[in-house]
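A.B. asks: I would like the entire structure built from these sequences, with the hints used as guidance.
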Amino acid sequence: MSVRLTDAPFDPGALLSDFARNRTETGAVATFTGLARAEAGATTVLELEAYPGFTEAQIGRIADQACERFGLHDLAILHRVGRIAPGDPIVFVATAAGHRRAAFEACDFLMDYLKSRAPFWKKEHGPSGERWIEPTAQDHADRERWGG
Amino acid sequence: MARVLLFGALRDLAGWRERRIEAASVSALCAVIGQEDAALGEALAGKGVQVAVDQAIVRDDAVLADTSEVAFLPPMSGG
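As you go down the protein sequences, you meet chains A and B in turn.
Quick note, the first sequence lines up with residues 1 to 148 if you use this note's numbering.
Quick note, the second sequence lines up with residues 1001 to 1079 if you use this note's numbering.
Be aware that a few hints might be false.
When the alpha-carbon atoms are kept at most 20 Å apart in a straight line, the in silico EDC-like pairs for lysine to aspartate or glutamate are as follows [stated by the list, open to error]: (1) B:1047 / B:1061; (2) A:123 / A:7; (3) A:123 / A:139; (4) B:1047 / B:1012; (5) B:1047 / A:144; (6) B:1047 / A:139; (7) A:123 / A:88; (8) A:123 / A:49; (9) A:123 / B:1012; (10) A:123 / A:134; (11) B:1047 / B:1060; (12) B:1047 / A:134.
Not everything, but these chain A residues come out facing chain B in the computed CB check (under 10 Å) [as the list claims (entries may be wrong)]: (13) 59; (14) 93; (15) 134.
Bear in mind the hints are in silico, worked out from the structure with no lab data behind them.
Using N, Cα and C, we set each Cβ at its ideal position, and we do this for glycine too.
C.D. replies: Here it is in structure tokens:
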């Protein structure tokens, strides 16, 4: 299991190749890659702040839950921090399981958690100034589907 | 003195990220900050703000040691 933060751009394809390598009992690998949106020119830079140490530990706790709940063989989470350009990947989640349903669902579960509960603070910078982003009602509803 | 960290919108509102402040508990710390900066004091008590002491989420009556690290965490949003 791997939970990491990075302030450098990353290549989701390379991460998937690494994650899927040398698995002989894993029948399913699911991934999710989140990209920074330009919002039709309104966002020129997205800024992500974390609380180093705490952020990884909190994500690690939910990652442990996901492993147990969905019977995962493995998972990987990489999250950008710092200043991110539109089109660049912000987050990569990969899950490995015996069969596809568990891999898909665990990936969905982890993303719902990351959107509204993981210790990150997100600010949009654009031509009309800057704005902190808080989770939407939809983000909370998405997380509550999993019973918490 | 406790090491106090602000994140997200709280840091912008305060104009600082980290300070050392003398206080015996989280609620006492909030009172000290609120006396100096009423808007920040109000924001720290705002809905959805969580407090972590030494990287564990705590309640407002948590006791602080001289070496405590106190972080005020506004609503979180990743991904």
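A.B. asks: Report the numbers of all earlier hints that the structure fails to satisfy, in ascending order.
C.D. replies: Hints that this structure does not satisfy do not exist here, as all of them hold.
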